[in-house]
Amino acid sequence: MTSLAMTSLAKPAFGAADPGRPVAANRMREGADGPPAGAPLVTLSGVSKQFKNGVTALAKLDLTVRAGEFLSLLGPSGCGKSTALRLICGLEQRSSGRIEWAQAAKAGPRGRPSIGFVFQDPTLMPWASVESNVFLPLRLENWRMRDAAPRIEEALTLVGLADFKKAVPRELSGGMKMRVSIARALVTRPSLLLMDEPFAALDEITRFKLNDDLMRLQQEIGCTVIFVTHSIYESAYLSTRIAIMAARPGRVIAEIGIDAPLPRTEAFRREPIYLDACTKASGALHGAMDPKDHL
Amino acid sequence: MSLEIPVMTAPDDAADAAAEGSRRFDPARLLGFLLPVVVFAVAVSVWEIIVRVNNIPPYILPAPSAVIATLIKDWGTLSASLLVTLRTMGIALVLATLGGSLLAVIFAQSRLIERSLYPFAVILQVTPIVSVAPLLLVYLDSGTAMLVCAFIVAFFPILSNTTLGLASTDPNLRNLFKLYGAGRWRELLLLRVPSALPYFLGGLRIGGGLALIGAVVAEIAAGSAGQGSGLAYRIVESGYRLNIPRMFAALLMISFTGIVIYAVLALLSHLLLRRWHESALDRGG
Numbered sequence: 001m002t003s004l005a006m007t008s009l010a011k012p013a014f015g016a017a018d019p020g021r022p023v024a025a026n027r028m029r030e031g032a033d034g035p036p037a038g039a040p041l042v043t044l045s046g047v048s049k050q051f052k053n054g055v056t057a058l059a060k061l062d063l064t065v066r067a068g069e070f071l072s073l074l075g076p077s078g079c080g081k082s083t084a085l086r087l088i089c090g091l092e093q094r095s096s097g098r099i100e101w102a103q104a105a106k107a108g109p110r111g112r113p114s115i116g117f118v119f120q121d122p123t124l125m126p127w128a129s130v131e132s133n134v135f136l137p138l139r140l141e142n143w144r145m146r147d148a149a150p151r152i153e154e155a156l157t158l159v160g161l162a163d164f165k166k167a168v169p170r171e172l173s174g175g176m177k178m179r180v181s182i183a184r185a186l187v188t189r190p191s192l193l194l195m196d197e198p199f200a201a202l203d204e205i206t207r208f209k210l211n212d213d214l215m216r217l218q219q220e221i222g223c224t225v226i227f228v229t230h231s232i233y234e235s236a237y238l239s240t241r242i243a244i245m246a247a248r249p250g251r252v253i254a255e256i257g258i259d260a261p262l263p264r265t266e267a268f269r270r271e272p273i274y275l276d277a278c279t280k281a282s283g284a285l286h287g288a289m290d291p292k293d294h295l
Numbered sequence: 001m002s003l004e005i006p007v008m009t010a011p012d013d014a015a016d017a018a019a020e021g022s023r024r025f026d027p028a029r030l031l032g033f034l035l036p037v038v039v040f041a042v043a044v045s046v047w048e049i050i051v052r053v054n055n056i057p058p059y060i061l062p063a064p065s066a067v068i069a070t071l072i073k074d075w076g077t078l079s080a081s082l083l084v085t086l087r088t089m090g091i092a093l094v095l096a097t098l099g100g101s102l103l104a105v106i107f108a109q110s111r112l113i114e115r116s117l118y119p120f121a122v123i124l125q126v127t128p129i130v131s132v133a134p135l136l137l138v139y140l141d142s143g144t145a146m147l148v149c150a151f152i153v154a155f156f157p158i159l160s161n162t163t164l165g166l167a168s169t170d171p172n173l174r175n176l177f178k179l180y181g182a183g184r185w186r187e188l189l190l191l192r193v194p195s196a197l198p199y200f201l202g203g204l205r206i207g208g209g210l211a212l213i214g215a216v217v218a219e220i221a222a223g224s225a226g227q228g229s230g231l232a233y234r235i236v237e238s239g240y241r242l243n244i245p246r247m248f249a250a251l252l253m254i255s256f257t258g259i260v261i262y263a264v265l266a267l268l269s270h271l272l273l274r275r276w277h278e279s280a281l282d283r284g285g
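Protein chains in written order, with the working numbering: chain F, 1 to 295; chain U, 1 to 285.
Take these hints with a grain of salt, some might be off.
As the list claims (entries may be wrong) - Cβ pair distances, simulated, as ranges:
| hint | chain 1 | residue 1 | chain 2 | residue 2 | range |
| --- | --- | --- | --- | --- | --- |
| 1 | U | D170 | F | A149 | 45 to 55 Å |
| 2 | U | I106 | F | A149 | 30 to 40 Å |
| 3 | U | F40 | F | S77 | 36 to 46 Å |
| 4 | U | K178 | F | G38 | 29 to 39 Å |
| 5 | U | S110 | F | T279 | 52 to 62 Å |
| 6 | F | E100 | U | G181 | 31 to 41 Å |
| 7 | F | S77 | U | L135 | 50 to 60 Å |
| 8 | U | L124 | F | I253 | 23 to 33 Å |
| 9 | U | A28 | F | R270 | 49 to 59 Å |
| 10 | U | R184 | F | P272 | 48 to 58 Å |
By construction, these hints were calculated from the structure, which means they are not laboratory data. The beta-carbon is built from N, C-alpha and C at its ideal position, and this holds for glycine as well.
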């Protein structure tokens, strides 16, 4: 259980008229085990990744992710942002270095950290209903449907899709599919949510809406988020910290803390702290670009 | 200023439009159904007129009416032969479906096995069945040889398509299964098999038609030995007796059987995929 204050539980998110949401959020929050807020959740020390074709995706990456924070990995294509996420969740094996988890985070199945992953595409099973898609992670942990039903209901309520349980993905819009993907990532009540450019393929209006929803959701359930993005503005709006990465080889070149409370509103986009973060991030990115990239 | 965006985005408008389109009367759609029927009727009528006007004898070219009359007159013999051909085709298709799917699953588990065995499947596919059938008749009794012929031609499209389908699973979904610690068999059952279903059904549709062709080819190869009694055997026999109307009647039954097999398998595919797969969605046109 994290020690984050539950100040935002009364605030509406993913469907303003849903009276069940605070209860659902509370329940999700109960399951989100991990170290106290601000304590290191996972630490990457000197992590390198070299692929079989000789490409060095990451070189001596040092990064500490703290419980409860919203960390954005910002950088150009090919700088290893996605690789870093895949190393953290174990989808890739590091070539060297260490990845250490806080003991309290190892609450997932088989004593592993409980992690949710949201891909750039919704990555839903097109033949399965929304309910079955959200059930998937629990099914793979040997849950029975009748035991998992309350959790599925909670996750879908949180993302505002409780009425779409029986729909199949093709009956949903792009934004709704992404919400299902987020519900699926949350149904296991993960201590860490990894998001690999989840809104990159969406139109800007839907993207803005999902940004707001994600911020509120993160506050409601109290999980840590690592969010990969190309967008300076998106990272400055969402994050409590931005790690800026450069390519060839992939590494963190700057970190920018954004000391403003979450969730934020549209008004935040006009505040000096937001503009300052955008300016610093932009400067760091330009400074780190390979001269060849300017051609 | 805050953005006022509806929390619920409307479901896919295209899907609604398609559903609406299917309910509304559409002259173009009716024309789409009627036109092939009219063209077919005209072609048959032209055939009938040419035969009657030129007084062509039935042993040269029977009129469609003569073919239908023969079909009715010889229905007992022809339907019994049809059942023989259907039995061969049916058993071969079931065996090809089971064998092709099972081998595709084995291929999906091991690239080494796939590389070792796939060449044999390709060799069987590319060697003309007409040239293989006489050889099989040397080694096997005619019933088994016909079954093996039909099996060989139906097997490859099912194997090939299912293998492709199992290999085409969304890599992100596979990553998701890996992330949640799913074993190989759970991934196969819950992910790869449903992903491969459209490919498998495509292979089955091709295999169904080819199983009939394989059975007919084998019957023709065995026919001269007088062993068979299927429809192809009736064609060969009628040819020897210059009973051309019966040849046409048997041919008509084979064609009709092929169309029915294809339609049944297409319907099965539609029923299984209509809710989710692009190939089976009603686009209202």
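Against the structure, the hints:
Range check, D170 (chain U) to A149 (chain F): Cβ separation about 26 Å, and the 45 to 55 Å hint is violated. For I106 (chain U) and A149 (chain F), the hinted distance range of 30 to 40 Å is satisfied, since their beta carbons lie about 36 Å from each other. A beta carbon spacing of about 56 Å between F40 (chain U) and S77 (chain F) contradicts the range 36 to 46 Å that was offered as a hint. Here the CB-CB span from K178 (chain U) to G38 (chain F) is close to 31 Å, well matched to the stated 29 to 39 Å.
Checked against the given bound of 52 to 62 Å, the beta carbons of S110 (chain U) and T279 (chain F), roughly 55 Å apart, stay inside it. Distance hint check: the CB atoms of E100 (chain F) and G181 (chain U) are about 21 Å apart, inconsistent with the given range 31 to 41 Å. At roughly 58 Å, the beta-carbon separation of S77 (chain F) and L135 (chain U) lies within the given 50 to 60 Å, and the hint holds. A C-beta distance of roughly 59 Å is found between L124 (chain U) and I253 (chain F), which places it outside the suggested range of 23 to 33 Å.
Hint check: A28 (chain U) to R270 (chain F), Cβ distance near 54 Å, so the stated range 49 to 59 Å holds. A hinted range of 48 to 58 Å holds for the C-beta pair R184 (chain U) and P272 (chain F), which are about 54 Å apart.
The structure fails to meet hints 1, 3, 6 and 8 from the earlier list, while all remaining hints are met.
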